[in-house]
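Hints given; two lone chains; assemble the complex.
First to last, the sequence lines map onto chains A and B. Adding 18 to a residue's 1-based position in the first sequence gives its number in the numbering used here. Adding 968 to a residue's 1-based position in the second sequence gives its number in the numbering used here.
Hints should not be assumed to be uniformly reliable.
Stated by the list, open to error - No more than 25 Å apart at the CA atoms, straight line, and that leaves these computed lysine-lysine pairs for PhoX-like: (1) Lys184(A) - Lys1055(B); (2) Lys1055(B) - Lys1067(B); (3) Lys1055(B) - Lys185(A).
Stated by the list, open to error - Stretches of chain B that chain A covers, calculated by requiring three or more beta carbons in the stretch to come under 8 Å of a beta carbon on chain A: (4) 985 to 991; (5) 1003 to 1016; (6) 1029 to 1038; (7) 1041 to 1051; (8) 1060 to 1067.
The set of hints was computed from the structure by calculation and includes no laboratory data. We put the beta carbon where it would ideally sit given N, CA and C, even for glycine.
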Amino acid sequence: MTLDLILFLVLALIAVASALGMLLSRNAVYAALFLVLNFVTVAVFYLLLGAPFIAMAQITVYAGAIMVLFLFVIMLLGAESLPGISNWRRVWFPSALALILFIEAAYLLIVKARPAGDVLQPDVSINTMENLRQLGTSLFSDYLLPFEVVSILLLVAMVGAIILTKKEKGAGRHGPN
Amino acid sequence: MVPINYYIILSAILFTIGVTGVLIRRNALIIFMSIELMLNAANLALVAFNSVLESFSGQIFVFFVIAVAAAEVAVGLALIVEIFRSKNSIDVDQMSSLKG
Chain A
19 MTLDLILFLV
29 LALIAVASAL
39 GMLLSRNAVY
49 AALFLVLNFV
59 TVAVFYLLLG
69 APFIAMAQIT
79 VYAGAIMVLF
89 LFVIMLLGAE
99 SLPGISNWRR
109 VWFPSALALI
119 LFIEAAYLLI
129 VKARPAGDVL
139 QPDVSINTME
149 NLRQLGTSLF
159 SDYLLPFEVV
169 SILLLVAMVG
179 AIILTKKEKG
189 AGRHGPN
Chain B
969 MVPINYYIIL
979 SAILFTIGVT
989 GVLIRRNALI
999 IFMSIELMLN
1009 AANLALVAFN
1019 SVLESFSGQI
1029 FVFFVIAVAA
1039 AEVAVGLALI
1049 VEIFRSKNSI
1059 DVDQMSSLKG
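Only chain B is shown next, with the shape it has when bound in the complex (with noise of 0.2 Å):
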């Protein structure tokens, strides 16, 4: 039997990856990428804590995470085709038109 224990701090490892990659690259897609990287570190701990738990509302929810991260690349990616388009860059320190 593993303890639910090491799962959450996989977890918290897995999403400071996560956070890390956001902070540290700066290339748009591979940000995007450790978004989704966060995004499944949280349903871990969501699926793990469902497992002790023995009800289904962990589960239902992880699925429900899964559906939202679907739309959110769909517009995501889009949005950086569009930037690429216009900018011929998907570095995000590129994008400061809006700095006086």
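In isolation and in its complexed conformation, chain A is listed as follows (with noise of 0.2 Å):
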């Protein structure tokens, strides 16, 4: 057993642990913190694939970004607390469909997909600025329609936020108050 996939299994285990916290925790805040360090540990997963670009987008957007969104709506709506899973009788029939789904996609994937190979090995040759200057030359080539058609998403997506959550003062508003 090599000391690669000796780091992946524990890796794995403290990322579908963590998962299974978020899924389980009876407290949002725990939810969320538990979400972090999944992300946390799948940003490692990048790093170990080759990819430290992503890698640092992942803390930075997920981590960092989204999960401190998420704990501000939490605390600002006062959800803490949440019920739990009262009802035990409706969590086996959608277990056993996800279970169903999982055998699905390990069959999908695995055998009929049929990826060959290992990946790479994270060397020297792949973590340095080289990657880093290709990923961005073939981004603002490439890809530079999609890179800006994201930028205009990004800005409506913030329009729509703040008009979504802003409040309704004045007479000359029609709609629902």
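Dropping the structure here:
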């Protein structure tokens, strides 16, 4: 058993345990923190797979911005304590469905798609600035149009979020109050 | 060297946990977090395939997915705040006003 494999198995255990912790937690703040742990573990996986830029983007955007937003909303609404899973009879049927989904996904991905080969060793040639430079060049030449579309999407989402949460005031506005 | 199959199985497990979260939890915030978990699982599979193919397309795709997830979270959390304001609850079972 190589060092890579041991590292992978330990990280995978942490990822699955934190995802289960998020699923079963009775406190919304704990659930959010479990999810942060999961995102950080996935970022380490990205580093192992030789994608340092994606790993940093994962930490900044997911573990940083998105989860802070989640925690902010949880505390704003005062919805920390959850009722938990009260009716266990309603759990087994969705769980069986999810198990079937997992078996199907594993069958399709492993048997049908037949991915071959090992993942790259994260050696010096991957985690260098040259990698980042190539990624940036590709992003701003081949994928320029999707990049600009994403910027417009983010602008629209920002305007939408502001309008949705804005308090209605004045009589000039129509619509539900 | 870790075989890519291990990464794909891990991605499938995380995706399944996300699906289970959407199905069994009734709190809108937890359901939303489960959706984020599913997006993350898909990203992990993309980066793993990208590592085998030795190209950049997968990483760029993941970059776009992260940007779209950020936009989705902003709008979704705004909707949840608005629902909480009107119903004083974020239990998805309470959102049944359209039921006849």
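We went through each hint and held it up to the structure:
1. Proposed proximity of Lys184(A) and Lys1055(B) is supported: the alpha carbons are some 17 Å apart, at most 25 Å.
2. Taking the CA atoms of Lys1055(B) and Lys1067(B), the gap is near 16 Å; set against the 25 Å cutoff, the hint holds.
3. Among the hinted pairs, Lys1055(B) with Lys185(A) is consistent with the structure: their alpha-carbon atoms are about 16 Å apart, no more than 25 Å.
4. By the rule of at least three residues with a Cβ nearer than 8 Å to a Cβ of chain A, the coverage given for the region 985 to 991 of chain B holds, with 6 such residues.
5. Under a criterion of three residues with beta carbons nearer than 8 Å to beta carbons of chain A, the stated coverage of the region 1003 to 1016 of chain B is upheld, 8 such residues being counted.
6. Requiring three or more residues with a Cβ within less than 8 Å of a Cβ of chain A, the coverage given for the region 1029 to 1038 of chain B holds, as 8 such residues are present.
7. Figure legend: the region 1041 to 1051 of chain B, annotated as covered by chain A; annotation consistent (9 residues with Cβ-Cβ distances under 8 Å, at least 3 required).
8. Interface restraint, the region 1060 to 1067 of chain B with chain A: violated (0 residues with C-beta to C-beta distance below 8 Å; minimum three).
In summary, the one numbered hint that this structure violates is 8.
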